[in-house]
Structures are given as structure tokens and as C-alpha cells.
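Colleague: Each chain is listed here by its residues.
Protein chains: 2
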Amino acid sequence: MRTKLEIRKIVTSDWFKFLQNQICEEFEQIEKGKSRSKKSKTFKKTSWKKSKNPMDGGGTYAILKNGAVFDSVGVNFSEVSGRFHKKFRSQIFGARENPNYWASGISVVAHMKNPKIPAMHFNTRFIVTSKNWFGGGMDATPTIKDLKEKKLFHKKIKITCDKYSKKYYPKYKKWCDEYFYLPHRRETRGIGGIFFDYKKNNWEKDFSFVRDVGLCFLDCAKTIITKKMNSKWSKKQKNQQFYKRGRYVEFNLLYDRGTKFGLNTGGNVNAILMSLPPAAKWK
Amino acid sequence: MRTKLEIRKIVTSDWFKFLQNQICEEFEQIEKGKSRSKKSKTFKKTSWKKSKNPMDGGGTYAILKNGAVFDSVGVNFSEVSGRFHKKFRSQIFGARENPNYWASGISVVAHMKNPKIPAMHFNTRFIVTSKNWFGGGMDATPTIKDLKEKKLFHKKIKITCDKYSKKYYPKYKKWCDEYFYLPHRRETRGIGGIFFDYKKNNWEKDFSFVRDVGLCFLDCAKTIITKKMNSKWSKKQKNQQFYKRGRYVEFNLLYDRGTKFGLNTGGNVNAILMSLPPAAKWK
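From first to last, the protein sequence lines are chains A and B.
Per numbering that gives the first Met the number 0, the very first residue in the first sequence carries number 0; after that it's consecutive.
Per numbering that gives the first Met the number 0, the very first residue in the second sequence carries number 0; after that it's consecutive.
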């Protein structure tokens, strides 16, 4: 018989997989709506295995490039197991007692063609060591300030959070601002959003929250994108976007824990670095 | 009266400053030789201070952008003092005993317009903690393989090394290959060169070697650049260069110790990140 925890692994992993397909489908619809050519761009899916041992798991990353709306968007699903290397054990919650881990998650990074639409990032994950917990969040990185858009984004997130607890939004918003920060630039990466980790109060409630965060992201992305996808932009604005993406690259390679975790635990490089923009500039 | 070590600090720092000017002048001559317009691009120099306390030092970075030969080239001089933060002390040679440090150095990174000419990097430094030592090296990162060029580059370096010891070149070449390596890509950054650190045998000899390494870099750069600066390139080759630069960015932000050292010790961000290319792409 399966333990409760084993069932929870299957159920969360299934949800992340379902959400990946859902996001890919809806983003393809957006591309279809915008593309002038009869054949609009679709996601290319690649599956990978962590090792020859099927128990180590792997994932599927879906990437759409050079679209009419998306310059590049990656939607990653993964489910991996392994043992933490000695030097990481002390850094990972619950890994000191037992170095074995299981982790499943979905992550999305969308870099837009139109510099008026912010880059958008979303991730949720379920991690099992000797402890087990959820983590995740979403945030947006505009090139050009848009106060109305920022308000809308945060409002949608707040509504989702408030369904569970009035404490979630302020707490996770602050965490997000602190996490997506470039100390060497004294700049935030973007306009924030929410970030949460080590979430392990009530599993059913937590999982429901994680599902809602995923649906909220899809809603935010669709609303924000479709509002602006037909607006024109200048060459200067596109150039500004390339410089903003330079900062995005700096954050992801210098500070992002997910990137480091992935590269350190033998994850798939193309899947991990799909967060990088197709092109970036530095002044 | 000044101690021997204080005199050594002044002498090395003066050399790095002199070499910075020399490199800038000679690179400007190369630009002048290539530029069709009457007014060729020159270096823009910016001086910065680490803090309000003049004892903390600072530096001068010289940058030339959008040249006829160089897409961007930075020639950095710095001389800084401070105290290592507790969490770095165990990582720095001689800092456990005494957290105070003094460091002076020159670093050069050149990203070329012509994708047939490799990106070139050079650095030498003198560092004083409770120990004092030289470090440095140079390496090249071509987009398009050129075995003859690789041989020439390594030959020139070997001749310089052999003047001091037959052991230097093989040892420092190996160190360079190990250092400029991207484990997540299982790729070297480029075609190598030399890398050395903790050099503290015979100060006079070491300093002479460090000076010769600087002059050898200038010779290599001039020879390699002038050989190819008038050759044409295709759009495809330029695009290849952008992808190669993506890897350069990955190395510098994920692994480079100099970048981490600079950002962690409150160095000037523009001076540190002048190593990044003006534009990079990811597939």
C-alpha cells in the first residue's frame, strides 16, 4: 500500500504536469490570435532523464521561440530524486537528517516581443526531504513602468492569497521584494509579486493554495498580455528591453537559488537556463 | 621610513597604472588605423572611490565602445584597501590571521566587432593580507576555431614563461584550462592561455614575470587583432559570436572569482561588469 506521502507526491506531480499542458495550450492560443501567418508558433517539448536510473526522474521542458507575442517562453515540468551532496546538506531544509530528496515542480519564464509587456515568471514546487513543503511564487519585470498594470497584477494575486489567509499577501509580497533584488545594482528585478517557501502547515490547504497560485498566474499573464499585445513600440523601447534583460541575466546567474539548485544537482541545463532571455545587452 | 612592503605596493600599483595607459594608447592606435571616419573612438576614463575614506582607495576604468575594431573594451586599474567580512576570511589566503587587505591590479576584457577575432582577457594583481602574492593570467575566447592563431597565442605565452622557468607554462596553462571551465556545459570558455595565483617565491622575479605577462598580452592582442581586423565576416558568424558571448556571460556571473570578489567587497559595479559583452544571445 502507498503511504500518504507517496500519494501526495503523485498528486502534486500530476497537477504540475496538467498545469504545464494548460499553460502551453493557452499561450499557443494567444500566439494564434496574434500571428498573421496561417501557421502560428507552437511549443516544442523535450523530455529528459536525470540518469540511466529511472528512479532519478527527469522532466519535460516546453519552449516556444520567435513567436508573434513571445520572444521566448519556457514552461518546465520536472520530477527528480536523488541524494544531496555533502556540501549542500546543511543548506537544505531537512537534509541534514537524511540526504535523500524528491522534488517536483513547474516553472515558467516568458520574455515578450513587445517591450511594453513585462517579462513574467512563475514557479511552484513540492519538495520532500525528511520534511516536506511547498514553495513558489510569481513576479513581473516590466521594461516600461505602468502603474495601472502593477496594481492589477498585485490585486489579482492578493485576491488569491486572501482566500486562504489575510496574512499571506503582505508576507509573500515582502519575501518576493527581498528575493528578487540585485544588491550590486541596488535595484529590484521588477515590480515584485509573491514568493513563498517552506510552506507546510496544512497539506490539503497548502496544495489548494499552490493550485490557485498557478491558475492566478495564468489569469494574470493572459490579462496583461492580451491588453497590450496589439500595441506598437519604438526601436528605443525595444533597446531598453534588451538592457533590462541584461539585469535579468545578472539576477538569474548571480543570485537565483533555483538556478544554482538545478545546476548543482545535475538538472537539465537547457531546462534550467530557459529562464535566460533570447538576447540581452549591457551598457 | 617606508617598509619594503609599502614600497612594493607603490611600485606594483604604478606599474599597473602605467600598463593601463600603455594598453589604452595602443588600442586607440589600432582603432585609428581601422576607422574610416576622421574621428576614431577613444577611451572614456572614469575614476571612482570605494568610500569617503581616501584610505579605502578606488580606481580608474577606461572603456571604449562601438569602435571600428572593438565592440567594447575595458581596461581597469584599481587599488583598494579594506577589511574582509567575517564570512570571506576563511576563503582568502592569509586573511584568517588578519582580515585587512590591500590589492592593486589591472584587468582587460576586449569584445571584438569582427567575430573572427577572439575575445581577449588579461589580468595581473598584487594582493596583500598577512601574506602577499601576485596573481593573473590571460586567455582568449574565439567564436570561430583557428588552430594557427591558437598556436601563435600559446607560443608567445610560452616564450614569456620560459624566460623564468620551464615549469611555468605547463603549470599555468593547466590552471587556466581548469579555471575557465563551465561545468554545466562541460565546455572550456575558450582556447585557454595561462592563469596563476598565490605567486610568492622571489618578489623581484615574480614582479618581473608579472610585468612581462602584461607586455606579452599587449603583443598577443596587437598581433592577433591586426592580422584579422580587415577581414570580412558574415551575418551568421556575427550571430555565432552572440551565442558564444552568452557562454562568456554565464562563466563570468556563475563562476568568476574576480567578479564575486569585486561585488562582495563593494567594488565599482561598472568597472567589475565591464567584462560582460555589449550584447549576448541564448538559443
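In short, the hints are calculated from the structure, not lab data.
Fair warning: there could be bad hints in the mix.
Because identical chains share one entry, a pair is satisfied inside a single copy or across any pair of copies.
[To be verified] Listed next, the in silico DSS-like pairs over lysine-lysine satisfying Cα-Cα at most 27 Å (straight line):
| id | residue 1 | residue 2 |
| --- | --- | --- |
| 1 | Lys85 | Lys33 |
| 2 | Lys165 | Lys154 |
| 3 | Lys16 | Lys282 |
| 4 | Lys86 | Lys147 |
| 5 | Lys31 | Lys280 |
| 6 | Lys38 | Lys155 |
| 7 | Lys85 | Lys115 |
| 8 | Lys40 | Lys282 |
| 9 | Lys86 | Lys3 |
| 10 | Lys64 | Lys280 |
| 11 | Lys31 | Lys48 |
| 12 | Lys130 | Lys147 |
| 13 | Lys280 | Lys235 |
| 14 | Lys44 | Lys162 |
| 15 | Lys231 | Lys282 |
| 16 | Lys231 | Lys3 |
| 17 | Lys282 | Lys49 |
| 18 | Lys33 | Lys166 |
| 19 | Lys112 | Lys199 |
| 20 | Lys37 | Lys86 |
| 21 | Lys86 | Lys259 |
| 22 | Lys237 | Lys64 |
| 23 | Lys157 | Lys16 |
| 24 | Lys173 | Lys86 |
Owing to the predicted nature of the structure, the values given are computational and were not obtained by experimental measurement.
Colleague: Against each hint, give a clear statement of whether it holds in the structure.
Modeller: Evaluation of the provided hints:
Within a single copy, Lys85 and Lys33 get their C-alpha atoms no closer than 50 Å, and across copies no closer than 55 Å, so neither meets the 27 Å cut-off. In this homomeric assembly, Lys165 and Lys154 come within 27 Å of each other (Cα to Cα) only inside a single copy, at 13 Å, whereas the closest approach across copies is 68 Å. With identical chains, the CA atoms of Lys16 and Lys282 are at most 27 Å apart between copies only, with a shortest distance of 24 Å across copies and 40 Å within one. Taking identical chains as interchangeable, the C-alpha atoms of Lys86 and Lys147 are never at most 27 Å apart, the minima being 45 Å within one chain and 43 Å between chains.
Within a single copy, Lys31 and Lys280 get their C-alpha atoms only as close as 29 Å, which misses the 27 Å cut-off; across copies the closest is 26 Å, which meets it. In the homo-oligomer, the alpha carbons of Lys38 and Lys155 never lie at most 27 Å apart, since the shortest distance is 33 Å inside one protomer and 55 Å across protomers. Proximity of Lys85 to Lys115 under the C-alpha cut-off of 27 Å is found in neither arrangement, the shortest distances being 45 Å within a copy and 44 Å between copies. Proximity of Lys40 to Lys282 under the C-alpha cut-off of 27 Å is restricted to the inter-copy arrangement: shortest distance 16 Å between copies versus 32 Å within a copy.
In this homomeric assembly, Lys86 and Lys3 never come within 27 Å of each other (Cα to Cα): the closest approach is 30 Å inside a single copy and 42 Å across copies. Taking the closest pair of Cα atoms, Lys64 and Lys280 come within 27 Å of each other both inside a single copy (19 Å) and across two copies (13 Å). When the C-alpha separation of Lys31 and Lys48 is checked against a cutoff of 27 Å, the pair qualifies neither within a copy, at 31 Å, nor between copies, at 54 Å. In this homomeric assembly, Lys130 and Lys147 never come within 27 Å of each other (Cα to Cα): the closest approach is 41 Å inside a single copy and 57 Å across copies.
Taking CA atoms no more than 27 Å apart as the test, Lys280 paired with Lys235 passes in both settings, with 13 Å inside one copy and 19 Å between copies. Taking identical chains as interchangeable, the C-alpha atoms of Lys44 and Lys162 are never at most 27 Å apart, the minima being 34 Å within one chain and 56 Å between chains. For the identical chains of this complex, Lys231 and Lys282 are neighbours both inside a copy (25 Å) and across copies (26 Å), given an alpha-carbon limit of 27 Å. Proximity of Lys231 and Lys3 under a CA criterion of 27 Å is satisfied in neither setting, with 52 Å inside one chain copy and 66 Å between copies.
For the identical chains of this complex, Lys282 and Lys49 are inter-copy neighbours only, at 21 Å across copies versus 38 Å inside a copy, given an alpha-carbon limit of 27 Å. In this assembly of identical chains, the alpha carbons of Lys33 and Lys166 never lie at most 27 Å apart, being 39 Å within a copy and 63 Å across copies at closest. Proximity of Lys112 and Lys199 under a CA criterion of 27 Å is satisfied in neither setting, with 38 Å inside one chain copy and 53 Å between copies. Within a single copy, Lys37 and Lys86 get their C-alpha atoms no closer than 53 Å, and across copies no closer than 58 Å, so neither meets the 27 Å cut-off.
Taking the shortest Cα distances, Lys86 and Lys259 sit within 27 Å of each other both inside one copy (13 Å) and across copies (20 Å). In the homo-oligomer, the alpha carbons of Lys237 and Lys64 lie at most 27 Å apart both inside one protomer (17 Å) and across protomers (20 Å), since each shortest distance falls under that limit. Taking the shortest alpha-carbon separations for Lys157 and Lys16, only the intra-copy value of 25 Å comes in at or below 27 Å, while the best inter-copy value is 55 Å. Within a single copy, Lys173 and Lys86 get their C-alpha atoms only as close as 30 Å, which misses the 27 Å cut-off; across copies the closest is 26 Å, which meets it.
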